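Visitor: As a plain string of letters, each chain reads:
Number of protein chains: 2
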Amino acid sequence: MTTSFNPPIRKLMGPGPSDVHPRVLGAMARPTIGHLDPEFSRMMEEIKDLLRYAFKTKNFLTIPVSGPGSVGMETCFVNLIEPGDKVIVCQNGAFGGRMKENVERCGGTPVMIFDDWGKPIDVKKVEDTLKNNSDSKALAFVHAETSTGVQSDAARICGLAKEYGVLSIVDAVTSLGGTPVLADDWNADAIYSGSQKCLSCMPGISPITISKRAADVIRSRNHKVQSWFMDLNLVMGYWSGEGSRAYHHTAPINSLYAIHEALVMLAEEGIEQAWERHAKMHRALRQGLEAMGLSLVVEKKYRLPQLNTVAIPEGVDESEVRAILLSRYNLEIGAGLGDLAGKVWRVGLMGQSSKEEHVTLFLSAMEDALLQQGAAIKTGVALPAARTVIQ
Amino acid sequence: MTTSFNPPIRKLMGPGPSDVHPRVLGAMARPTIGHLDPEFSRMMEEIKDLLRYAFKTKNFLTIPVSGPGSVGMETCFVNLIEPGDKVIVCQNGAFGGRMKENVERCGGTPVMIFDDWGKPIDVKKVEDTLKNNSDSKALAFVHAETSTGVQSDAARICGLAKEYGVLSIVDAVTSLGGTPVLADDWNADAIYSGSQKCLSCMPGISPITISKRAADVIRSRNHKVQSWFMDLNLVMGYWSGEGSRAYHHTAPINSLYAIHEALVMLAEEGIEQAWERHAKMHRALRQGLEAMGLSLVVEKKYRLPQLNTVAIPEGVDESEVRAILLSRYNLEIGAGLGDLAGKVWRVGLMGQSSKEEHVTLFLSAMEDALLQQGAAIKTGVALPAARTVIQ
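Line order of the protein sequences matches chains A and B.
Numbered per the numbering used here, the first sequence finishes at 666, counting up by one with no gaps.
Numbered per the numbering used here, the second sequence finishes at 666, counting up by one with no gaps.
Next comes chain A alone, as it looks inside the complex (with noise of 0.2 Å):
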């Protein structure tokens, strides 16, 4: 008979889920209550200014979406996009391959901007393009594209948006609580995000929010939204308001619970604070690897600190070192993705795995499955770097 499943305990540094802190895992098993008991439309207040605190806004429609990051992806395109829109996509990684596939589900037609794996999105291209397609209801993007480890500037691309009056789309999955997401001063449309990244809680929580702009273009749709369970005007019933909650589908309670105690630890860390943080072991993690001999694929100006694509040196099994990492050590690192295919390695610093000693056991267990590779590497200098960062 299938017996109770007790998990190894890994050291998570892939592209997400990154470690949970044992708050987060203990606010998730506390008692699960009602979705309608008044004790926890409380706590769902608390979430919303929480996430307003996350996202750097004063939006109204700021949730936490009922399902992973792509379901807050496909939210806002759902609800933003209708049957013959225009949509600028830009893509340069995995992620802006979804984003096409979501304008074209919803009966919109693309608008492609191509930038290469590996490099950011060209705001001249942009600008251009929206020269030539002013007609266009939306643009979109994506901030930190975790498939390549590019972070691209959100705050210039949404300002162009805003200046062709066309709403912004920004896929910040991979950036809130790492790297500065400022809903407001960039002037964004619709940003979503996911639990499992820099916010360091479990996977299948996506928080997003809406401008007030973007929220009348989603209450005065020509077509209703194509999804029941991701219509925000079916959604917001239920998430509105305090003691008016109607009940619109089961919301996941403790993964709320979960949500709520790691955006708390966010707010008493200083999400200031925890920008530093993530750009301070990023600096230590870079100053190792180069040490060793390894180099990031990425242009320095352009690097999400919190996801390091490394370029595996030649003649090394990829897999293998992946295989060793996990066995040896119980640390977990990503593959690369798509055009990174068999290329790169992804290494997260992502909220409670944005740590010194992360860093540490990486470098050190790097540097020893690269010696079984027989890779041409110095050793013993990758720690020392480091530590220079760190002090």
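Quick caveat, the hints were computed from the structure, so don't treat them as lab data.
Small disclaimer: the values here were computed from a predicted structure and weren't measured.
Each hint can be trusted.
The list treats identical chains as interchangeable, and a pair is accepted whether it falls inside one copy or across any two copies.
Restricting the straight-line Cα-Cα distance to at most 30 Å, the calculated cross-link-like pairs of lysine-lysine (BS3-like) are:
hint : residue 1 : residue 2
1    : K630      : K394
2    : K361      : K499
3    : K412      : K499
4    : K499      : K375
Chain A is already provided as a structure; the job is to place chain B on it using the hints.
Guide: Just chain B, lined up with the frame of chain A:
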């Protein structure tokens, strides 16, 4: 500053969520690992087997969808229905209405069969409608209506669908684990359920099972599934086989630990024993209610043991009664929905909430609350009556 949320300890006897066992809460709090971890992959296979046990099926396509029951529902509709398809929908409560919404949002045309709230689906009407609409793609109905406490004859309705060459889509959100759901015996094509009812897991996961015939229909669609997230052609790249998992979305790791544990507990008890326990606790509740002078609104042979709709006695403030139960006894029951709003309470005896201690607390607390409301009930007789059933 916002602090950790500590929920009150409730007894959950509404329409779901039901009480979650500490074993399941504990499983959920185990350390998060990656969604591509080989150990996680092994557990996914166990979940599929355990779900096949719960659904009484050999269907290959049997998985826990990453979202609440509404996502399970929508997953069935968006995958099976294409624009222009005609779909017969039986409505005898709230959730049949949600099915209609789903059909319409998929671009399908619903052919409605209405029965009163509180009555089962009229099988004769189903047959007549099938005769006159044999060009329909599917027939959708609710096995266990959570809004009314009625169980319909799923075996006969699925049998008729098969006879007329129409796919059957079955809502078993409230029945799975509480009363027999026999996917293979019924020849059902798509069944979806929820984690938070008779499986007594926390909300957020929706088990589904899809017949081979329906899986073939999904594979040979003319249009892409309108939802990227719910597209089973993509989802199955992740769930289909151990060792060859393609990333689709990040699975809700800890929620899957929890459903695994809840299903292990179901298997330990034995599903037939679980059905018997639900039936017995229902009989005890009914004896107690009737002794007190209260009545169930559903005709005896269509009653769902796990969801009891109790008629509100004349002159009683129903919301005040619920408030007394919640504030004084930490006991949650549900209000009426739709046509039954203000006329009934919904009293759940689901999963871990289907025990003698729940029946006893409910009858005792209800007696107190009704006396406070000046209702003309018989006192001191409910518990002895209930005990004659339980022994």
